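**Student:** This is what each chain is made of:
Protein chains: 2
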Amino acid sequence: MSELPSYLESVAQTIDHMIDRYFVDKTGQLNKASAHLLAAGGKRLRPAVVMLAADAVKPGCSDDILHAALALEVTHTFTLVHDDIMDDDKLRRGVQTVHTKWDMPTGILAGDVLYARAFEHICMANAADDAKIRAVNMLAKACDEICEGQHMDMSFEHRTDVTEGEYMEMVRKKTGVLYAAAAGIGATLAGGNGVQVKALYSFGLNTGIAFQIQDDLIDLLTPPEKSGKDQASDLREGKQTLLMIKAREKGLDLKKYQKDLTPAEIQAAIQELTDSGVIGDVKGIAAALVSDSNRHLSILPASKERQLLMDVGEFFVTRSY
Amino acid sequence: MSELPSYLESVAQTIDHMIDRYFVDKTGQLNKASAHLLAAGGKRLRPAVVMLAADAVKPGCSDDILHAALALEVTHTFTLVHDDIMDDDKLRRGVQTVHTKWDMPTGILAGDVLYARAFEHICMANAADDAKIRAVNMLAKACDEICEGQHMDMSFEHRTDVTEGEYMEMVRKKTGVLYAAAAGIGATLAGGNGVQVKALYSFGLNTGIAFQIQDDLIDLLTPPEKSGKDQASDLREGKQTLLMIKAREKGLDLKKYQKDLTPAEIQAAIQELTDSGVIGDVKGIAAALVSDSNRHLSILPASKERQLLMDVGEFFVTRSY
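Chain order of the listed sequences is A and B.
For the first sequence, the working numbering assigns the number 2 to the initial residue and increments by one for each residue that follows.
For the second sequence, the working numbering assigns the number 2 to the initial residue and increments by one for each residue that follows.
Next comes chain A alone, as it looks inside the complex (with noise of 0.2 angstroms):
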């Protein structure tokens, strides 16, 4: 993996720069407002993926498709705005979210006009007009089932009993299409044929639900001094998680662990789901589904950038935060 964190600091230095000048230097109000959470950072995971899918199809087109990478990372995080208005949320990465800091109407508008922007960025992407239709209806289908599965988690708040199969059909939905859209998108606008993007497509589909599985192992394994998150909060608040499933499964009762808990507690907790293999078996999918992925990328002439998308999966379920 020697290689992955140098890559995915220059993607991010590329996109940061995009950002500042397509969105940051804008002047008025819902400009700022549109831009404030795509300038506070990210780690530009989603423009890594269009970029290394682009490059593992045709090596050295990247370049061209900066504008659709750019797209990705703002369609996220215009999913990322309208999720902080209706959670109420009102801090992330560690600044005030965008209708705290405005008010709830820019909110909604600032996370519209980011939308409008991610299609038209992708129309200028320098690629083939045909590639470029069937990267805006990959895109506008991912945001619809982002929708759905951002309803479905809001649904499962009143629930416990949920599946790991509704589980799993939340999760592709709310993180794993764009994944998959990423990949898919590059790998399209590269000129890849019907096989390559399906290859792709799914290679994303399957990392970006390991990714979120991983999300729900940090935040109950990741001390908050290394996360820069509340430990354990999926417990406390009693959320359906694979972990969580997968323990009532095995009849684990985690009721005890819904209140306010100390680090003991939090140990206590973490031990009882480890003795019990639920830690052992939520892992075992993540790490089923990263392998999955790499079977789908076989299709592929060896190369650097095929290699950094397998390091991909494997960071997504290795990181500790």
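Treat the hints as calculated values from the structure; they're not laboratory data.
The reader is advised that the hints may include incorrect statements.
As the list claims (entries may be wrong) - Below 25 angstroms or equal to it, Euclidean Cα-Cα: the simulated SDA-like pairs (lysine to any residue) are: (1) B:Lys142 / A:Met19; (2) B:Lys91 / A:Lys260; (3) A:Lys260 / A:Arg249; (4) B:Lys142 / B:Glu167; (5) A:Lys91 / B:Met155; (6) A:Lys142 / B:Ile20.
As the structure is a computational prediction, the values presented were derived from the model and not from experiment.
Given chain A, put chain B in place with the hints provided.
**Tutor:** Just chain B now, with coordinates in the frame of chain A:
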């Protein structure tokens, strides 16, 4: 204008059937919420403009681009769903607004689903790929500007000194650009050249602005039994419409009407605004926009559809509800 009502009726039937097929017949709460306002009726004027523009450029081609016509109605509806949340309006088209019937998060998501579907339907049009990309770009830019227009409109609520120039910019963005995109998208998907597309875009822009100015006149002049809406609500709320701005320019004091108004007081206001020439000035501005629209159409060969487009402009500024 004899053919226009029956033409609009036939377009509305076609679009209503597509709305049933692609929105109403879908299952799931989020799909139901997305279809709710779309299925509540409406004159389907933007789809009619898409189809007329297409046929005016290439006779008979509108059947190929019905999906793009639908996309414009879907886009319009997405903006209404989000606007209703921002303004916390409870009723529209005689039905509860989406966030009222469901809740605010579902309203945001329903609008976001419609937003995505608009782009999916543009992609489904039967047209050349380069034209479709131009159409996607035109639609995205329109959405971008509509947000800006809505933001300006909200900012006017806290002001009493909005100028005619600011008002016209707001209306251009909030209402004009979507009619412009409707006509421009119809023309481009029909294979129109740059001059034709630009002419139809300008036609739509001017007619759309005139449409909004007429809406302001209707608010003042049309009795509730005819309009189905409160009469003179803009006056009561001190809204910065073109009527209000022109009255201010002429030194009229309309503050006295910022209260619950009796029918007699509304008549007195109408009389004052008529006698001072305000209503005449505003009607003149709308009429000039429509006549300018027609000038743009003169580059097209004479056809039934070109005439119907002119009739649309005429209808926009002569309708009384």
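**Student:** With reference to the structure, classify each hint as holding or not holding.
**Tutor:** A quick look at each hint next to the structure:
1. B:Lys142 / A:Met19: holds (18 angstroms)
2. B:Lys91 / A:Lys260: violated (38 angstroms)
3. A:Lys260 / A:Arg249: holds (18 angstroms)
4. B:Lys142 / B:Glu167: Satisfied, since the Cα-Cα distance of roughly 20 angstroms is no more than 25 angstroms.
5. A:Lys91 / B:Met155: Within the cut-off at roughly 23 angstroms; holds.
6. A:Lys142 / B:Ile20: Measuring from Cα to Cα gives roughly 18 angstroms; hence the hint holds.
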